[in-house]
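Each protein sequence line maps, in turn, to chains A and B.
Everything in the first sequence is counted per the numbering used here, starting at 1 for the first residue and increasing by one.
Everything in the second sequence is counted per the numbering used here, starting at 167 for the first residue and increasing by one.
Incorrect hints may have been included.
Claimed, not checked - Calculated cross-link-like contacts (lysine to any residue; reagent style SDA-like; alpha-carbon spacing at most 25 Å):
(1) B/K459 x A/M57
(2) B/K353 x A/R26
(3) A/K166 x B/P357
I should point out that these hints are in silico values taken from the structure, not numbers from a laboratory.
Each chain, letter by letter, is given below.
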Amino acid sequence: MKRYTIFVITENFIGILNRITIIFTRRGINIDALTASESRVDGIHRITIEVTTSEEMVIQLVNQIEKVIDVIKAFYHEDEGVVYQEIALYKIPVTRLDGGLEKIIRQHNAKIIAAEPQFVVLELSGHKEQTQELLEILKGYGLLEFARSGRVAVAKRMVTIDDFIK
Amino acid sequence: MKDSMIRGADIVVESLIAEQAEIIFGYPGGAIMPVYDALYDYHEQIKHVLTRHEQGAIHAAQGYARVSGKVGVCLATSGPGATNLITGLADAQIDSTPLVCITGQVAAHLLGTDAFQETDVVGISMPGTKWNVQVRRVEDIAPAIAKGFYIARSGRPGPVLIDITKNAQVDFGEMNYTPCLGFRSYKVHLPVEKTAIQQAADLINKAERPYVLYGQGVVLGKAETELKFFLDKTGIPAASTLLGSGALSQDHPCFVGKLGMHGNYAPNLLTNQCDVLIAVGMRFDDRVTGDLKRYAKQAKVIHLELDPAEVNKNVKADVPVLGDCKESLSMLTEAVEKKSHPEWLAKFRELEQLEKEAVMQHDISPTKNGLTMGEVINQINQYKADDAVLVTDVGQHQMIAWRYFNYKKPHTQITSGGLGTMGFALPAALGAQLYDYSRQVICVVGDGGIQMTIQELGTIMQTKAPVKIVLLNNNYLGMVRQWQQMFFDKRYSFTELDNPEFIKIAEAYGIKAQRVNARGELTEAIEDMLIYDGSYFLEVMVEKEDNVFPMIATGCSVEEVRLS
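The following block holds chain B by itself, in its conformation from the complex (with noise of 0.2 Å):
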C-alpha cells in the first residue's frame, strides 16, 4: 500500500470538500459510519448538521439549496436511513432541486442477501432521482461524487443518490480528484435556436394581447434581471407561477400577479383572452392550467424552456424555444420592438379590483372577530426585509402566505410545489437559515404540517438557528377540511386535531414562544419576533373554518375561477 493512499471514507469526505460543500445535513448509523468517523477529522473544512430525522435532513438540504443555487449534500445510512430519504428526493426531483445524497450501504459481498439494514435503495430511488449509482469499490467513489454534483447542477437541476458499499469507504485508494466537465450521454441542454428567437419576436411584436407566465427556471437560470429588461421593453403583463414567486419584484409594473388553483383572479381569468402566450422556464403544471381542453385555445403559445420533454407535453407550444432562458430571453429582448400595452393592462387592473372587494378585503381586514392568516402574513410584510425568506409547509397557509407575501427579491419563496409534501417548511427553513444565519428566514406553517417533522425544533435549538416560525393554527387539516367542505357536503372525515401545547414544546427545545389570540396583539408580536435576535415561534389562532379563495376547482378551466 502506497503512503499517499487514503480510507474511502475520507475520499468521500475530500470529494465533497473539492466539490465546495460547505455543509453537510445528516444522521449516522452502521454502514455509513467509516464516512462519519472521517467527519470527525475534517470538522474544520466541512460542516454538520445532525438532524432528527432524514426527512429532516433531506428537507434542510433542499431548503439550503433553494435559498443558496447551490447542491445541498444529504448523508444517511442504508435501509431505514435510505429509505427515510425518499419523500425529500421525490420532492426534489419535481421541484428540480440540486441534491447530492450519500447513503451508507451494507458491504459488497453482503449485497441481495437481506442483510442487517440491506435495502435496494438504488432500486427504490430509481424514479424519484435525476441519476443515482452505487459504488462497490474504493476507486470509484470519486469520479461517482464528481458525476453526481455535476448532475445535479447543471441543465435542470435534481437529486443525485450516490450509495456506498461499506466495504468502499474502508478500503484504502488514491484521491486525486478531478471535476467532472461533461459524458458524451448526457447533454445539459440544446443552443438556443435563432430561428426560434425570430418566429418568437415576431408573434410578439404582432400580438395585442400579450401574457408573460414566469416559472421558477427563471429562478434556476439566474435569468431574473434578462426577465426584467424583457418586460421592461415590452411592457407585458407577467404573472408567476408559485415556484416562480421572487423572480420578478412585485413591485415590477407589469406584474399583475399569481397563477393557479389559488392564484389571483385577473391572471387566470385572462389566459383565456390573451393572444399570445410566453411561457418562460414553466411546465404547465394541472395546478396552474385546470382543464387543459380549455386552456388558452385562443392563443399562439411561445415556451422558453430548459427541458425538451417539458415542451408540448402539457400544453402544444407553436413557437418552443428550447435552451438557457437566460440566454433565450437576452436574445428574444434584442429581437422585439418596444411597446407598451396600457389598456390590456388595464384590464388585469381591474379584475384585481373585484378580487380586493370579494376576497382580500375579508383576508386582510376582516371584519369578524376571528383572525385571519392573510391579515397576519399582511403584518409580515410590513416588518420583513426585503430579501427576507418565506418558507411554507402544504395546505391552506402555504396558499394564503403565497398570495399574500410580498416577493421581492430572488431565491424568496421556499416551498414544495409539485410534491406538495407536509412536514417540509420546518427542516426547509433551517436549511435555508444555515446557509445565512444574517438573514431573515420566516417559516410559516400549519397545525398538520409541523407535527410531521416537529423534532427538527431539535435541530433548531442545536446549530441556533434563528428561524422566526410561525405556526398558524385552526386546529384543522384546513385544505382538506376546506374541500371537504365545498365538494364532499361537510363531511369532515379526519381532518379535526386536538394539539398539544405548542408553545410549550417550542419552549421545551429552549426556543422564545409567544401566542396571539386577538388581533390586537398580533402587530407587536411580529414586531418582536422579526426583531428577536435567534430562533422565535409564533403560534396564531386563526379562524377554524376559513377558506382560500380565488379556487378553481378540479377539472374546471382557468376561465371558471371562483371568487367564493
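This is chain A alone, in the form it adopts within the complex (with noise of 0.2 Å):
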C-alpha cells in the first residue's frame, strides 16, 4: 500500500466527474482526496485523486479511467514524482490568542487571514504532515473548526497537455 496521486485530463463535459468515481466504487477503493479544477487550456479540465493503495490496482484504475470515453489521459505518480501542496484552515476562538500561539504561527509559517470579534482563521499551505502536525497543537487551543483541501500537485515530468491533445 502506497499514496499515489492520479492525474486525470478530461473534456469539461457534464458528469465525467461522476464517470470516474464509480470506477473506485466499484473496486472499494476510497478516494483520500480529489480536487477538480480548470486546466492551461480552455475546455480541458483536471482531476487529481489521492488514493492509498497497491500499484497494481493503480494501475487499472488508471486504465479503467482512460476507457472513459471523455477522459484525454490519465496517469499516476508517487508522491516523489510530483509538486503537491494543500492548503489547511484552522478557526481559533480570540480568548486563546497569547503569546505562546503567537510563537507557534510563527514557527509553522501560517497567516491569519480573517480576524472576528470571537474568532480568528489561521491558513496553513503545505504537505499534509505539516498542516496535521499544526492541527494536533492547536487542538490544545480550542480549535472550533478545520478543514484541509485535497491535494493540487503537478507532475514533476516534463510533459504538458498539448502533448495529449496532439
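Please dock the two separately framed chains into a single complex, following the hints provided.
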C-alpha cells in the first residue's frame, strides 16, 4: 500500500466526475482526496485524485479511467514524482490568543487571514504532515473548526496537455 | 423559422437513416411520442419492430447486432421504458455489443423535479454503457447520434445511450448530418508495435507446446481468416471461449475444443502444460481461468488485445500485443516459422477420447430412457445449415448447446456470456432472424429463461420471424439445481418449476408447436422443425436431474477439471 496521485485530463462535460468516481466505487477503493479545476487549456479540466493502494490496483484504475470516452489522458505518480500542496484552515477562539500561540504561528509559517470579534482563522499551506502537525497543536488551543483541501499537484515529468491532444 | 427546419423528432429518425440503420426495436410512450410520430412518415426508409417489453427490444437489438456485426438500434420512452433497458445495456457492455439506444426524457424544464415518468437514466446507465449523454436542445441531436454510432461501433464496441428531452424532439432545427470520424479524447485503438510482434514471434518459434486461446475479439475484429492463416502456418492447437465459438470452423485440424467452467476436458487441463499461451481477443474471464493463482503459471503469455485495460488485468502478459488483432495476427503470421506440433496435438486428442467415454457417450447416446439435452443438440447438428445461428439463454441448456453445437461459420454463436442474462435468448433470436429471414436461427432455451421474456412470442407472431425455438424442459432451474446437488447437499431450494402448457402458449400466438416426450420422436421432430416455413416451437421433455460435465468448480484450477 502506497500513496499515489492520479491525474486525469478530461473534456469539461457534465457527469465526467461521476464517471470517474464510480470506477473507484466499483473496486471498493476509497478516494483520500480529490480536486478538480480548469487546466491551462480552455475546455480541458484536470482532476487530481489521491489514493492509498497497491501499484497493481492503481494501474488498473488508471486504465479504466482512460477508457472513459471523454477522458483525454490519465496517469499516476508516487509522491516523489509530483510537486503538491494542500491548504488548511483553522478557526480558533479569540480568547485563546496569547504569546504561545503567536510563537506557534510564526514557527509554522501560518497566516492569520481573518479576525472576527469571536475568532480568528489561520491558514497553512503545505504537505499533509505539516498541516496535520499544526492541527494536533491547535487542538490544545480550543480549535473550533478545521478544514483541509485535497491535494493540488503538478507532475515533475516534462509533459504538457498539448502532448495528449495532438 | 426557415423552411429548411424540421422537428427534432424528424432529425432523430433522419440521423438514424443517415447511419444506415435498417431496423429499430422499440416501445412507445409519452416522452418519446414525437419520435414515434415521425416514424409514421419514414416507415418506408426504416423499419420499426414493436416488441412486447423494452427488455425484449434491447435483447433483440443485441441479437441483430451480434449476427450482423452492425449497430443495433433501440428506442424507448422515459422512466420505466428507460430502466427496462438497463439489463440489456449491462449485457451489451460486458459482451462488447454495439448498440445505440435512444430514450425519451421529460422536457428540460421539468428535469430534476420528479416529473411523471422522469428518471435519471443517464445516471443509472453510466456504469453499464460505453458512453451516454443527455440531449436537451434540438441542435445537439444530430451530433450526439453521430458521436453515439461512432463510439458504439469503433474500437472495442459497446452500448451507447442517448437520452433526448421532449422539448428537443418537438423544437425545430436544421438537419445537416455530419458523421463522426473521431475526436481528441477517444483513441479507437493503438497501432500494432513491430517490436511486440517480433518478441511474440520469437517466443512462438521456440515454443514446443504453444497453445492458442481465441475469443470474441476475433469475430468483432473480423479477423477469422487471419486466425485461420496463422493456425494453418503454425499448426498450434486452438481452443475457443464461449463467445469466440464460430471464429474458427470446428473442422479445422488445429481446433481442439472449448474453454472454461463447462468447456472441454483437454483444452482446460492442458492450459497448465503449454509453454507459450497465445490469447487472441479474449479477456481471461474467471469462468475461463478458474483459480488465477494456478492458471498457466508455467507458460509465457502473449496477449493480442485491443483494449489496453484488459492487458494484465487478470493474467500477466509477458508480451502484450496491443491493437487490432486483424492486423497483429497477419503480422504475426508473416513473422513466424512454418511448423507443426503433431505430438502436442495428439495429447489433446488423447484426452478428448477420455471425455468422449466419460461424458459425451452419456450426453449424446444415453442408455437411460430419459432424453438428454446433448442428444437434442446432436440431432440438430445432423440437419442444420452450416451457417445456422445458435441463440441460447443461460444455464444448463446453454452450456450443453455450446458444447455440442458444431460451429462452422462466424456470427453463429449468440448468447449472453459475461452477464448471464436469463430471458436473453428469445428476443435475441428474434433480432437475429429479422436481420436475415432466410438464415436458420435456432433458439435453444430452458423452461426457466423462456418465461422471463415469453411475451416476445407476440413479436415473433407479428413479424412472422421464422425462428426455430427449441425448449429443453426439465421442470427445473437446472444449473442452480446442479449446484445445489453438488455443493449444497441436494437441498433443492426453490428451483423446481410447475410449468404451464408451453405448447398451448405457442399455439395461442399462432406459432406451430410440437412436444417430444420420447427418443423415438426426436429426429423426425427436429427435421420437421428445420424444414418448416415459419416460426416453430419444439418442446423437448428432458431428463429432470441431469448434470453438465466436465466442470471446473468455483475456486478450482483448470487442471482440476472434473469429468463427473
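(message) Run the distance test for B/K353 versus A/R26: straight-line Cα separation, threshold 25 Å.
(response) holds, 24 Å
(request) Measure nothing beyond the straight line between the CA atoms of A/K166 and B/P357; if it is 25 Å or shorter, mark the hint as holding. (result) Holds. A/K166 to B/P357 sits at ~16 Å (cutoff 25 Å).
(request) Assess, step by step, whether the Cα of B/K459 is no farther than 25 Å from the Cα of A/M57, and give holds or violated. (result) Holds, because 17 Å separates the two Cα atoms, which is no more than 25 Å.
In terms of the numbered hints stated before, the structure departs from none.
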